Amino acid sequence: MNSMSSWFLFACMTMVGWGLWGFFTKLAAVHMNVYQAMFYTMSLSIPMIAIALWFGGTPPPVLTRGSLYAILAGLAVNVSFVPFFLAMRTGKASVVVTVTALYPLITILLALVFLHESIGVRQLIGMGFALSAMFLLAL
Numbered sequence: 820m821n822s823m824s825s826w827f828l829f830a831c832m833t834m835v836g837w838g839l840w841g842f843f844t845k846l847a848a849v850h851m852n853v854y855q856a857m858f859y860t861m862s863l864s865i866p867m868i869a870i871a872l873w874f875g876g877t878p879p880p881v882l883t884r885g886s887l888y889a890i891l892a893g894l895a896v897n898v899s900f901v902p903f904f905l906a907m908r909t910g911k912a913s914v915v916v917t918v919t920a921l922y923p924l925i926t927i928l929l930a931l932v933f934l935h936e937s938i939g940v941r942q943l944i945g946m947g948f949a950l951s952a953m954f955l956l957a958l
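Residue numbers (the working numbering): 820 to 958.
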């Protein structure tokens, strides 16, 4: 499998997993306390990390500059679980998941400002459509 097809396969696997995650999160948030649901959802993180390190043949990580960024990424995603679960409890799963799936817009803006990445007109138009979709879904 060449490098392009492998990344695409992994991206598709992620899409399916996150789709299932959104669906089961809605069910959990409706049928139990959202903070307990978060506990059960996140309780598999440590075992999954251990399995990934084992099968990846990677030694346990050491603290580096990259570690700081990884910790900040973990903090951002974990703090975001609280409003996500609360939104799933009362909102429509189809709308909540779609709105939160627009997170790349935040990444793009941060990359533009702090990493000085460039963006083309086509991408700007796509971002505009994504924002329009979010507002239309929220109506």
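Careful, some of the hints might be misleading.
[Said to hold, decoys possible] Derived CB-CB ranges, DEER-like:
no.	residue 1	residue 2	range
1	Cys831	Ser951	39 to 49 Å
2	Thr909	Gly875	31 to 41 Å
3	Thr909	Thr877	35 to 45 Å
These are computed hints drawn from the structure, not numbers from a lab.
Everything numeric in this text was worked out from a predicted model, so none of it was measured.
Just so it is clear, CB atoms sit at the ideal spot from N, CA and C, and this is done for glycine as well.
For a quick check of understanding: which of the numbered hints are violated here, in increasing order? 1
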